[in-house]
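Going down the list, the sequences are from chains A and B. Position one of the first sequence corresponds to residue 10 (the working numbering), numbered consecutively onward. Position one of the second sequence corresponds to residue 417 (the working numbering), numbered consecutively onward.
These aren't lab readings, by the way, just hints derived from the structure by calculation. Small disclaimer: the values here were computed from a predicted structure and weren't measured. Please note that a few of the clues may not be correct.
Pairs of lysine to aspartate or glutamate residues, derived as DMTMM-like cross-links and limited to a Cα-Cα distance of at most 20 angstroms, are as follows [unchecked claim]: (1) A:62 / B:454; (2) A:64 / B:478; (3) A:10 / B:472; (4) B:473 / A:12; (5) A:63 / B:519; (6) A:10 / B:478; (7) A:113 / B:454.
Ranges between beta-carbon positions, derived for each pair [claimed, not checked]: (8) B:527 / A:53: 14 to 24 angstroms; (9) B:436 / A:49: 20 to 30 angstroms; (10) A:50 / B:486: 25 to 35 angstroms; (11) A:85 / B:486: 38 to 48 angstroms; (12) B:428 / A:75: 41 to 51 angstroms; (13) A:84 / B:527: 48 to 58 angstroms; (14) A:63 / B:457: 25 to 35 angstroms; (15) A:60 / B:428: 39 to 49 angstroms; (16) A:12 / B:513: 20 to 30 angstroms; (17) A:102 / B:473: 13 to 23 angstroms; (18) B:481 / A:113: 24 to 34 angstroms; (19) A:74 / B:513: 17 to 27 angstroms; (20) B:421 / A:66: 26 to 36 angstroms; (21) A:85 / B:519: 38 to 48 angstroms.
What the simulated footprint calls covered on chain A by chain B, stretch by stretch (three residues with Cβ under 8 angstroms from a Cβ of chain B suffice, anywhere in the stretch; the number is not a length) [what the hints assert, rightly or not]: (22) 33-42; (23) 50-63; (24) 92-102; (25) 112-118.
The beta-carbon is built from N, C-alpha and C at its ideal position, and this holds for glycine as well.
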Amino acid sequence: KNEVEQSPQNLTAQEGEFITINCSYSVGISALHWLQQHPGGGIVSLFMLSSGKKKHGRLIATINIQEKHSSLHITASHPRDSAVYICAGPAYSGAGSYQLTFGKGTKLSVIP
Amino acid sequence: EAQVTQNPRYLITVTGKKLTVTCSQNMNHEYMSWYRQDPGLGLRQIYYSMNVEVTDKGDVPEGYKVSRKEKRNFPLILESPSPNQTSLYFCASSLVSGGYYNEQFFGPGTRLTVL
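Extracted from the complex, chain B is given alone in its bound form (with noise of 0.2 angstroms):
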């Protein structure tokens, strides 16, 4: 099943202790990309990635690291939560073709409380 998996779906933790939330899609999407939820706000996106080792930022990457070692899987680390990354995220892929990304796939999201 084509699928965008997210892990932890639910993590709570404190401040200052770092953490990271695994995605990893089976599409063989090119592009791969972070983006976290707010009341208010709607979607922001934070990191995004075309391929292998290419990661760019989007609007909110302050506090956040990703890589992308291999085509399937685009982590996001926070090194240092505080209690204003507070937020419910999502992971998504999708193809790329004629210089632009394709319908969105989209992970369940994961709901992250930093105390």
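Only chain A is shown next, with the shape it has when bound in the complex (with noise of 0.2 angstroms):
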């Protein structure tokens, strides 16, 4: 069974500094999900990715499948970027697994 990893489990972060979080996780999977949980305690997903990186705004994700490592980055940290950050992936490697796995998350906080 997947073992997913997240550190930092808390980070704190003066407001415009870089912020990394990273994720890794045990077996080989297609893909990685990246979630933001907001103070309010609503989910969003920010990201799916199965290779390389994505750009959404300030936000950068990137996956090493060989490596099975993935870092979310925040770039001019703001304090509306405070919440909980999630990686989550299959359970299972292999086609056809659709069991959710997730890491205990990030929380983290951006003081202005």
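If you follow the hints, you should be able to join the two separate chains into one complex; please do so.
Here you go:
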């Protein structure tokens, strides 16, 4: 079964800092999700990526399938980026694996 | 507006009293899923469905039932709730392509307390 590990668990940054959140997983998978959970509890999907890099505004996600590692970067961080960031992937390797497993999340606080 | 709706949003109940949390999506998604979120444990999958009449267990299915009679609806049933099912529950849906689910759309969550 895929084990998804995130680091760090908690992160405090000053506004404007460059932030990196890491996610590693234990089995070969076809794609990985990055989610954002707002302080109010709602969850939105930020990225789904299977190779290389994706960018949306100030957020960049990268994945290295061979090394079983993904990173989420936030450039020019802002207090509104304060949230819990969660990575998720298939629970098992192989085609047709539809069960999903999650990292425990990284709580980011950006201070003005 | 494309969305996943859950009802109720908040529920306090007592041990043993059957309850149903509804989930509905208006995006014609094949894949629907239920998750629970607990402090220190993160999100865990309860059940998922690839299409109508097709459901599979996730990591923590004990004490829960689901059904998928229509594509848009995926209710979560607790036939005899217990205090350890106190949690925050999320429903989600996504398209399926290339043998894999795509971006997940989450409902707003249901906070359940079982006394």
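The hints, checked one at a time:
1. A:62 / B:454: 31 angstroms, violated
2. A:64 / B:478: 39 angstroms, violated
3. A:10 / B:472: 16 angstroms, holds
4. B:473 / A:12: Cα-Cα ~18 angstroms, so holds.
5. A:63 / B:519: The hint holds at about 14 angstroms.
6. A:10 / B:478: 19 angstroms, holds
7. A:113 / B:454: Measuring from Cα to Cα gives roughly 10 angstroms; hence the hint holds.
8. B:527 / A:53: 14 to 24 angstroms: Between residue 527 of chain B and residue 53 of chain A, where Cβ atoms are some 18 angstroms apart, the hint holds.
9. B:436 / A:49: 20 to 30 angstroms: 25 angstroms, holds
10. A:50 / B:486: 25 to 35 angstroms: At 27 angstroms between Cβs, range holds.
11. A:85 / B:486: 38 to 48 angstroms: For residue 486 of chain B against residue 85 of chain A, whose Cβ atoms are near 45 angstroms apart, the range 38 to 48 angstroms holds.
12. B:428 / A:75: 41 to 51 angstroms: Hint holds: Cβ distance 49 angstroms, inside 41 to 51 angstroms.
13. A:84 / B:527: 48 to 58 angstroms: 34 angstroms, violated
14. A:63 / B:457: 25 to 35 angstroms: Between residue 63 of chain A and residue 457 of chain B, where Cβ atoms are some 28 angstroms apart, the hint holds.
15. A:60 / B:428: 39 to 49 angstroms: With Cβ atoms ~46 angstroms apart, the hint holds.
16. A:12 / B:513: 20 to 30 angstroms: 26 angstroms, holds
17. A:102 / B:473: 13 to 23 angstroms: Given a distance of about 18 angstroms, which is inside 13 to 23 angstroms, the answer is holds.
18. B:481 / A:113: 24 to 34 angstroms: 27 angstroms, holds
19. A:74 / B:513: 17 to 27 angstroms: 19 angstroms, holds
20. B:421 / A:66: 26 to 36 angstroms: 27 angstroms, holds
21. A:85 / B:519: 38 to 48 angstroms: Taking Cβ atoms as reference, residue 85 of chain A and residue 519 of chain B lie about 25 angstroms apart, which means the hint is violated.
22. 33-42: holds (count 3)
23. 50-63: holds (count 6)
24. 92-102: That given contact holds, which follows from 4 residues of the region 92-102 of chain A lying within Cβ reach (below 8 angstroms) of chain B.
25. 112-118: Holds, because 3 residues of the region 112-118 of chain A bring their Cβ atoms closer than 8 angstroms to Cβ atoms of chain B.
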